[in-house]
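> Chains as they are written, first to last, in the working numbering: chain A, 1 to 339; chain B, 340 to 891; chain C, 892 to 1171.
Some hints here could point you the wrong way.
Covered, in the sense of this in silico footprint (three residues per stretch, anywhere, with C-beta under 8 Å from a C-beta of chain A), are these stretches of chain C [unchecked claim]: (1) 1131-1145; (2) 1152-1159.
Dumping the calculated DMTMM-like pairs for lysine to aspartate or glutamate here, alpha-carbon to alpha-carbon at most 25 Å [claimed, not checked]: (3) 757(B) x 1003(C); (4) 538(B) x 382(B); (5) 718(B) x 940(C); (6) 861(B) x 844(B); (7) 641(B) x 698(B); (8) 869(B) x 621(B); (9) 641(B) x 621(B); (10) 686(B) x 1073(C); (11) 693(B) x 1003(C); (12) 693(B) x 1011(C); (13) 686(B) x 781(B); (14) 693(B) x 680(B); (15) 807(B) x 748(B); (16) 735(B) x 1073(C); (17) 365(B) x 520(B); (18) 693(B) x 618(B); (19) 735(B) x 722(B); (20) 861(B) x 849(B).
Quick list of the computed label-pair ranges, beta carbon to beta carbon [to be verified]: (21) 451(B) x 186(A): 49 to 55 Å; (22) 919(C) x 25(A): 55 to 61 Å; (23) 318(A) x 1009(C): 16 to 22 Å; (24) 904(C) x 400(B): 22 to 28 Å.
These are computed hints drawn from the structure, not numbers from a lab.
All C-beta atoms in this analysis are idealised placements derived from N, C-alpha and C, irrespective of residue type, glycine included.
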Amino acid sequence: MNEGAVRRSLSPSLDDRSQTGNAMNRFVWSLVGGRLLVALFTLVVVSFTVFCATAILPGDVAEVLLGQAATPEAVAGLRAAMHLDEPGFLRFVRWLAGLGSGDLGVSYANKMPVTQLIGPRLLNSLKLAGVTALASVPIALSLGICAAILRGSLFDRLLTFGVIAVISVPEFMVATSAVLIFAVHLRWLPALSVAREATSFLDLLRIFAMPVITLAFVISAQMIRMTRAAMIETLNTPYVEMARLKGASPARIVLRHALPNAVGPIINAVALSLSYLLGGVIIVETIFNYPGIAKLMVDAVSTRDLPLIQSCAMVFCVVYLLLITIADVVAILSNPRLR
Amino acid sequence: MANLVEIRDLRIGATTDAGRRVEIIKGVSFDIAPGEIVALIGESGSGKTTIALSLMGYAREGCRIEGGSVVVAGKDMVRLTERQRAAVRGTEVAYVPQSAAAAFNPAMRIIDQVVEVSRIHGLMPDDKARLRAVELFRALSLPNPDTIGERYPHQVSGGQLQRLSAAMALIGNPSLVIFDEPTTALDVTTQIEVLRAFKAVMRESRIAGVYVSHDLAVVAQIADRIVVLKGGEVQEVGSTAHILQAPSHPYTQALLAAFRPGGPPAGAAPAPLAQPVLELRDVVAGYGGLQSDGRPLVTIVKGVSLTLQPGRNLGVIGESGCGKSTLARAIAGILPAASGEILLQGKPLPSAAKDRTREQLRQVQIVFQSADTALNPAKCIADILGRPLAFYHGLKGAAAEARVDRLLDMVHLPRGLKHRRPPELSGGQKQRINLARALAADPQIILCDEITSALDTVVAAAIIDLLKELQRELGLCYVFISHDLPTVEAVCDQIAVMYAGEKIEQMSRDEVGARNHKAYTKLLFASVPKLDPHWLDSIENDPEVVAALSRR
Amino acid sequence: MTMVGAIPLPFHFRINLVGLLASCTILLWTLVALFAPLLAPHGIGEIVDSDYFGPMSAQFPLGTDYLGRDMLSRILLGTRYTVGISLAAVGLACFTGVTLGMAAAVAGGWTDTVLSRFLDALNSIPSKLFGLVVVAGVGSSIPVLIMTLAVIYTPGSYRFARALAVNVNTMDFITVARARGEGVPYIIGSEILPNILGPVFADVGLRFVFIVLLLSGLSFLGLGVQPPNADWGALVRENISGLPFGAPAVMFPSVAIASLTISVNLLIDNLPRKIRDRSA
């Protein structure tokens, strides 16, 4: 209450409207700028965490790389070359500077530059994510909005149960169920191996179908849940009741009064749901053997290829951070009082 | 036909949180003639808003119209289909909500929402509707009627929004308008302007109205007839003059009696001692860090000096945002004063509560407005009252229990209540517990921050009586903070008027209205509604003073 | 919502049918986790079938796995790992999170800002990725798994508890306690905690679900519980080659996970309610 009072008296007087407009804009942009600063700070903390988690590895990388037979001199030489004898913090700064300039280091496993390894794989993953988003966002939004409008109905209750069920099971269960249904029982699609080049459009469809179905289920469930909640919140406001008491039709109530005020929260829900793609993609690429960046990283973990793991982790974190920052900024911009 | 509205044996049921069905409107019947304004009056939970909404065939979520008929202009709203009801809403029956600020869509310009009624029902072309809207804005004496519609709801004040929502209701030329407590959230000086505008428009256009309110004095100004409700049943119906002059039902009599509170406790007039109990010297308080001039970033209280004599009560009166609550917080040390001195019995008090001794803290207790948030809902009454006993007096076990019983006796509550939790108590009971907790400390001074404003009239009057009784018995002093002149007059010997963070005037109770007040004081006192039905028409506030002082 | 099919419990509590079924399932898995060795018909490593990926039969109700071991026994014995590790992690995460959250809300100022910024940053690492990175760095063992899961879910618990506590902190009864001169420990323990306990318990349940899912996911990737031990996620991993044949060994561990997590979720939505009508 007191904070509110302060904000009210801090916000400029509303009588001078042109000045107000400028002040409002400045206020909004300072909020957005603040959010971006937080994102930057978060990135530093995240990279520090990733670096620490991978750098406290017991045993010495140089020994691992050179094998049992290496002479102590050779190990010491490699250590110096890799800056392993420097203090941890200096190595962190060196690594961070490398990341900043696009130098992601060299893979231990096959001595290739990490950038070259990640590039094509990242593109594959983005393709998968893009197709999934295109397929699921429209469906999930319509279902979520309909469920909110028809809340309490049989449709709403069935959908809500389905959503809880999908959210409560691991992604690999959705994937294995999809395989059982579409490949084993219906025999429409190949089961597991998709690690080959697509030769026709139909082929492409068959390659993408299973991973996309699985991922779409997982993120749609999240999106339906959040969209429904956002929409119900606006439908319960006094101004929606007022519209009803003005004699507005149900369609008008939803389209003119509820939806415009729910757009911000809904976009926020979409951005947050898309961030669930990242978790899903790790399982889906593994199970379907899809040549994306997540599969690359899981393989790197089994060979303990640290530069590759670190770089993949940072790619993931940056994408994730990007999505939740977009969600936050949209939430700020969509507040009609700040427009 | 003679009557515009005929309600017969209306029954409305609701579902409680536990899933039980209960009847909240138990067979209500009354009529409204064309052009007549009927007031529905009653305390919270009496069902007045539920009945008003049923005139539009609308029941809020969880409620259902279960029987009876609501005939408006020959149509039974209970039996119409939803589509037929929608056709009636806005054209024949229109609604003015309690909080216009919440009822306007924040994402649409005001004018678009006002003319939307005409657009929904295809009443007139858009440009004509806009002209009509501007006409209505002018009739409701809104400033800048030609351009105010272009703003968004958050860009205009509460009093203006309330009038804009009346324009929204009137644009469809309805034969009945429902006003749902439209001035309850407003300050008295704003309320007068809004009431005047409503009354003028309704008289002019001969529209029938239903005016829902808990405030008898407001209703007396605008209604032709009054329906008194309690517990979902009609207690009494009669013309305004009849209800005010010769109420026959005991509940109506209690309602009227609550309006005529007596003066401060008689015989409580000890000779003023040399040393005041509490003294404030030039207290400044606010929020945010201190600036270079030693004032906080947002200064709410701007140098207030007060003295409180032993055995006397001091009233602080002012409208929302004048700094009266902040002043109470500064005295209690919750919001440390930025500068100035607070003396308790002549000795300076540290400004922050955490720097005060336990003994100093014990002497000054604060009681808040909303008993709902002032009592921890997770603790039973015995624990709530027991804590200050243990904290200040080290009382435990049987001694503490006996003292809790005595405290409950003092505030006239049954002892069995001590095992209950606050959510199980009524509003009045909670406020008594709230007082009892302050009494448990055995204080010298109790700061009462709007303690009666969230209560129904009759319950509030009982609390005022209790305050006086406690003062007689315990020799306490109150600093009584309120926006309501009659309550302040009922309790206090000295009255201070606050405006924009400053104390602009102080007077004794006998001097109210009897001396040449400052312009704002005059406006504030004149704006307090009186039971006299001619009060609204008779007062003449200088429009320039109103514009300069009431920050609408 | 009306309480359809409300079933009365002692002390004026009522629960509906869905809630009752959910609590029974949870109770069942708890008992299994405690008494698995007594319940399992076969030893964990015992190869009992001549064939691998055997179908469901009277002798092996859930079929056999890729080595011909009894799936029922392996699932029963896997319960301990899934439920035990998750419980330990959720307890650790929520205890830390709730304590820090309340302290931050009451203390405010710099403590609050620093703690919130840091934990929010930690929250910005996708959970599976965090698991992957830690296992890559430190290797996988049960204590490491518990610690990692706890660290991953502490920020969320903190955020939740802090938001609740901030709301309670604005209430007048807190102001009254402050004006009375009460200290921070009393305000946290006696005024705030009792008022956030309900939602906090619901949050613990939800977080338990997340942890079970993450643990299963990590085990499925081969980064969780290591052979020869196996939790439910690891059971799916080792039998995934049976998927093209539709072997029951692939689906049943998933079904076990789903029955537990869905039950917890449904129980949270259908918690027993105390009937408290003022007039009743």
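> Looking back at the hints listed earlier, which ones does the structure fail to meet?
Numbers 3, 5, 7, 8, 12 - these are the hints that the structure violates, sorted from lowest upward.
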